[in-house]
Amino acid sequence: MHCYADDTQLYLAFSPNKEGDDTIAIEAMRNCIMELRVWMPRNRLMLSEDKTDFLLIGTRQQFLKVNFTCITVRSEVIECKSSLRNLGSWFDSRLNMSVHISKLCAAAFYHLHNISRIRRFLSFDSTKALVHALITSRVDYCNSLLYGLPATQLNKIQRALNAASRLVCRSPRYCHITPLMYNLHWLPVNLRMRFKVLLFVFKAIHSITPSYISDLISVKPNSSFNLRSSSAGILLAFPSRKTKRTLGDRSFSVAAPTLWHKLPRELRDLEDFNSFKQKLKTHFFNEAYS
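Take the position in the sequence shown, starting the count at 1, then add 72; the result is the number in the working numbering.
Since the hints were made in silico from the structure, they are not lab data.
Fair warning: this is a prediction, and the values are worked out from it, not measured in the lab.
Incorrect hints may have been included.
[What the hints assert, rightly or not] Between beta-carbon pairs, the in silico distance windows are:
hint, residue 1, residue 2, range
1, Y213, N168, 15 to 25 Å
2, L128, K175, 19 to 29 Å
3, A360, A178, 18 to 28 Å
4, I129, Q350, 32 to 42 Å
Here a beta-carbon is modelled for each residue, glycine too, at the ideal position from N, C-alpha and C.
Please model the entire structure based on the sequences and the hints provided.
Listed below in structure tokens is the structure:
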């Protein structure tokens with residue numbers, strides 16, 4: 073269970089390969105909702121049935137083995153949705169973030185069109201601040217969820233970022249984008265995503281994040297033997313897995329050690345968060361525009 077303000081979310085995992093496991097999961101979820109309906113009035117809260125949604129997440133092969141589309145609680149029938157909004161980001165049943173990316177790009181181009189109509193009245197700094205408030209802040213919001221997505225998905229967001237940079241610099245539509253991004257000191261979308269994940273990793277290692285994030289990683293203990301890895305600084309352990317993952321390869325527990333180990337040791341050995349953040353952006357900026 074996760075709670076944020078008055079928003080309560082229930083998560084439950086089951087294997088469609090096990091016979092009857094989906095029925096057990098549905099019954100467990102139904103009982104949990106019933107307990108919430110009893111607990112909330114006692115604590116001066118109200119469960120809004122009309123705002124209660126249900127989303128089933130899995131791969132295409134897993135969906136072929138599931139035969140339910142709703143959850144019934146007393147007289148209320150909660151239908152399974154294809155996508156749901158979750159604290160400003162959109163989750164879909166395949167977790168490919170296609171709905172989130174489509175809505176993000178639509179909002180970005182909508183604001184870009186409106187800004188372009190008054191661009192000749194704005195200074196460079198004013199336009200840059202306006203674009204940051206309405207476009208780049210949306211691009212960076214929850215962008216760690218986009219880790220592991222194919223380039224075809226990320227390129228849609230990159231096109232919106234390219235259009236924003238051309239608008240700020242008042243450049244032609246088909247001009248080369250790299251010099252503009254360099255002058256604005258903007259990172260491309262794939263590096264902005266990795267930047268956000270690594271900030272979470274640094275905070276988790278140094279116990280700055282809540283426990284539900286820091287518990288997802290494990291720092292390797294220093295070896296008593298004179299091994300090459302013992303002099304490599306802080307390293308993270310990969311989660312154990314027996315089979316090839318699909319959606320799990322995009323999880324934070326896998327992304328954290330994968331991205332952390334690619335950093336140079338001088339970055340991984342930093343203790344101050346602000347220094348790490350500044351030098352990490354410089355590292356990615358040099359990687360993008362070297």
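Evaluated hints:
Separation of Y213 from N168 is about 18 Å and conforms to the stated range, judged on CB atoms against 15 to 25 Å. Range check, L128 to K175: Cβ separation about 21 Å, and the 19 to 29 Å hint holds. For the hinted restraint 18 to 28 Å between A360 and A178, the CB-CB distance of approximately 26 Å keeps it satisfied. Separated by about 37 Å at the C-beta atoms, I129 and Q350 satisfy the suggested range of 32 to 42 Å.
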